[in-house]
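If you read the protein sequences in the order shown, they are chains U and H.
Using numbering that gives the first Met the number 0, you'd call the opening residue of the first sequence number 0 and step up by one each time.
Using numbering that gives the first Met the number 0, you'd call the opening residue of the second sequence number 0 and step up by one each time.
There could be a bad hint or two in this list.
To be verified - Selected chain U positions facing chain H (Cβ under 8 angstroms, derived; list incomplete):
#1 S71
#2 L74
#3 I112
Said to hold, decoys possible - Some, not all, of what chain U presents toward chain H, calculated at C-beta under 7 angstroms:
#4 S72
#5 P165
#6 L167
If you're looking for bench data, these hints aren't it; they were derived computationally from the structure.
Where is the CB? At the ideal position from N, CA and C, for every residue including glycine.
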Amino acid sequence: MGYYSSYYSYGLPTFLIIVIALYILFTGSGEAFNVGRFLEETSPYAWAGTGIGLCIGLSVMGAGWGIMVTGSSILGGGVRTPRITTKNLISIIFCEVVAIYGVIIGIVYSAKIQPVPEHLLYTPHNYFTGFALFWGGLTVGLCNLLCGVAVGITGSTAALADAADPNLFVKILVVEVFGSIMGLFGLIVGLLMVSAADDFSAAAGVAQAVASPYVL
Amino acid sequence: MEGLFFNANTGFLEGIVRGYKAGILTPSQYANLAQCETLEDFRTQLSATDYGNFLANEPLPISTSTIADKATEILVEQFKYLRRNAVEPLRKFLDYITYGYMIDNVILLITGTLHERDTHELVKRCHPLGVFDSMPVLCVASNVEELFHSVLIETPIAPYFRDCLTASDLDDLNIEIIRNTLYKAYLEDFYEFTTSLGSPTSDVMHRILAFEADRRTINITINSFGTELSKESRAKLFPTIGRLFPEGNNQLAKADDIDQVRQICENISEYRSFFSDAPSAHSGGSNGDGFGAMAAQLEDRFFSTEVHLNKQAFLQQFQHGVFYSYLKLKEQEIRNLTWIAECIAQDAKDRIQDFIPIF
Numbered sequence: 000m001g002y003y004s005s006y007y008s009y010g011l012p013t014f015l016i017i018v019i020a021l022y023i024l025f026t027g028s029g030e031a032f033n034v035g036r037f038l039e040e041t042s043p044y045a046w047a048g049t050g051i052g053l054c055i056g057l058s059v060m061g062a063g064w065g066i067m068v069t070g071s072s073i074l075g076g077g078v079r080t081p082r083i084t085t086k087n088l089i090s091i092i093f094c095e096v097v098a099i100y101g102v103i104i105g106i107v108y109s110a111k112i113q114p115v116p117e118h119l120l121y122t123p124h125n126y127f128t129g130f131a132l133f134w135g136g137l138t139v140g141l142c143n144l145l146c147g148v149a150v151g152i153t154g155s156t157a158a159l160a161d162a163a164d165p166n167l168f169v170k171i172l173v174v175e176v177f178g179s180i181m182g183l184f185g186l187i188v189g190l191l192m193v194s195a196a197d198d199f200s201a202a203a204g205v206a207q208a209v210a211s212p213y214v215l
Numbered sequence: 000m001e002g003l004f005f006n007a008n009t010g011f012l013e014g015i016v017r018g019y020k021a022g023i024l025t026p027s028q029y030a031n032l033a034q035c036e037t038l039e040d041f042r043t044q045l046s047a048t049d050y051g052n053f054l055a056n057e058p059l060p061i062s063t064s065t066i067a068d069k070a071t072e073i074l075v076e077q078f079k080y081l082r083r084n085a086v087e088p089l090r091k092f093l094d095y096i097t098y099g100y101m102i103d104n105v106i107l108l109i110t111g112t113l114h115e116r117d118t119h120e121l122v123k124r125c126h127p128l129g130v131f132d133s134m135p136v137l138c139v140a141s142n143v144e145e146l147f148h149s150v151l152i153e154t155p156i157a158p159y160f161r162d163c164l165t166a167s168d169l170d171d172l173n174i175e176i177i178r179n180t181l182y183k184a185y186l187e188d189f190y191e192f193t194t195s196l197g198s199p200t201s202d203v204m205h206r207i208l209a210f211e212a213d214r215r216t217i218n219i220t221i222n223s224f225g226t227e228l229s230k231e232s233r234a235k236l237f238p239t240i241g242r243l244f245p246e247g248n249n250q251l252a253k254a255d256d257i258d259q260v261r262q263i264c265e266n267i268s269e270y271r272s273f274f275s276d277a278p279s280a281h282s283g284g285s286n287g288d289g290f291g292a293m294a295a296q297l298e299d300r301f302f303s304t305e306v307h308l309n310k311q312a313f314l315q316q317f318q319h320g321v322f323y324s325y326l327k328l329k330e331q332e333i334r335n336l337t338w339i340a341e342c343i344a345q346d347a348k349d350r351i352q353d354f355i356p357i358f
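Full structure from sequences and hints, please.
Right, here's the structure in full:
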């Protein structure tokens with residue numbers, strides 16, 4: 000089973016998806032799989048909420064992962080060489096900063112979420128805001144995840160190298176700084192992505208929402 | 000990928016072991032030790048290192064065996080601390096390291112029983128890292144048959160006995176063959192285990208274990224010249240994990256003298272220098288027996304290569320090889336300290352620099 004576990008993990012889901020897709024196709028309800036309808040009918044609130052959740056969730060995961068990797072090395076190295084414990088807290092701070100970026104973006108994005116009644120919700124501007132918040136949040140979350148992990152691994156090496164030879168700490172710290180800049184890039188791009196998005200607002204001058212002709 | 004998950008279980012202990020490694024003696028400390036006139040000076044110099052006052056309670060005059068024993072005790076304490084705090088897979092890795100010492104201890108007990116010695120005396124001479132729970136059981140056995148059967152069940156090294164036949168094979172000549180068969184099985188098992196741990200542990204440990212296998216192969220070959228060990232039996236003792244496997248092993252099995260061994264080892268560039276005639280700093284001057292001098296030189300070169308490989312293990316982070324390498328480097332340091340202490344005690348200052356420097 001050991002060698003074939005990758006066959007199972009990739010083959011079984013693929014097989015199931017193909018079977019279900021062909022079933023839907025051959026029983027005449029192929030039109031049910033409609034990407035355009037899905038995008039039109041999903042509430043922009045769902046997109047926005049998911050985006051913000053991913054943003055803060057992935058950022059905190061990255062920060063926590065980095066702190067775990069660095070912290071254990073600082074503790075281990077600090078047993079024989081206690082002088083490293085104070086200086087190496089800066090690696091922990093770099094990891095923590097990544098989570099702060101996630102919080103900032105979360106706050107900025109959630110300010111755009113305003114209550115709007117459902118029949119006035121589906122306007123082009125609101126669609127745009129919903130999508131922008133989702134993809135912006137995902138971008139920032141992934142950037143911060145990888146940045147936190149990178150800073151964590153480098154911080155662990157910095158702690159152990161510092162314990163062996165104090166001159167090495169500043170040199171490895173430079174590498175960490177470059178790693179931490181990636182989180183900043185994510186923050187900037189996330190802000191740019193939603194700069195053109197307005198808050199959720201009610202459709203103006205519309206008596207009734209136009210129903211999509213494909214809705215039964 | 001190893002950087003993502005390694006520290007969760009083993010990060011703290013890796014930091015600890017690198018701290019231990021920072022306490023290994025430096026060349027300047029060796030220089031201080033070599034200049035001591037008496038063993039009391041030696042003890043004072045050592046108290047300024049990581050060893051501290053480990054000899055403080057020893058009555059004068061101190062003997063070199065006491066120094067070696069006490070230093071080994073410190074190493075064993077460090078190893079036990081690591082072992083107590085380890086979780087899988089480090090726990091199994093550290094257990095594998097102890098199996099080598101267990102083999103030596105079991106062979107010691109078997110030999111002792113064969114010669115009708117009191118096994119309780121022998122237990123004191125066992126290596127502390129190779130002590131296992133059922134050792135008292137082995138001491139109770141009164142003859143070799145009983146001993147062999149209890150070994151087959153009670154010890155963690157029981158699987159390695161599969162290739163050794165029966166208790167009737169146990170007599171003096173065969174003890175060494177049994178020791179080498181056990182060690183071959185152990186090395187191959189350890190090699191497979193480190194492969195299952197994945198890169199980079201497997202990269203580091205493969206290099207070290209392959210050299211260990213080749214070293215044993217060459218030693219077995221050279222030691223079997225002039226004995227009645229048949230070539231087939233000799234071939235069965237060679238581990239299959241070294242760089243000399245398979246062609247070098249086959250050729251060494253048929254070799255008859257040391258020149259053939261030298262030729263076979265020339266195929267591997269790192270081993271070429273082992274047999275070169277250039278006198279290294281370690282070869283003794285007044286040694287009349289050419290073969291003896293060559294053997295001592297070879298042993299020294301094996302030790303230097305081993306130290307070199309173990310030092311390289313520390314260049315990579317997030318792998319388990321550092322635990323093995325630290326143990327071996329510390330053992331080399333204890334051998335060095337014993338050598339220096341012996342030279343001081345016997346007033347042979349001209350050979351005091353003949354130890355293998357580590358850093």
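We went through each hint and held it up to the structure:
1. S71: 3 angstroms, holds
2. L74: 5 angstroms, holds
3. I112: 34 angstroms, violated
4. S72: With a minimum Cβ separation of about 5 angstroms from chain H (threshold 7 angstroms), the hint on U/S72 holds.
5. P165: 12 angstroms, violated
6. L167: 13 angstroms, violated
Going down the numbered hints, you'll see the structure goes against 3, 5 and 6, while the others check out.
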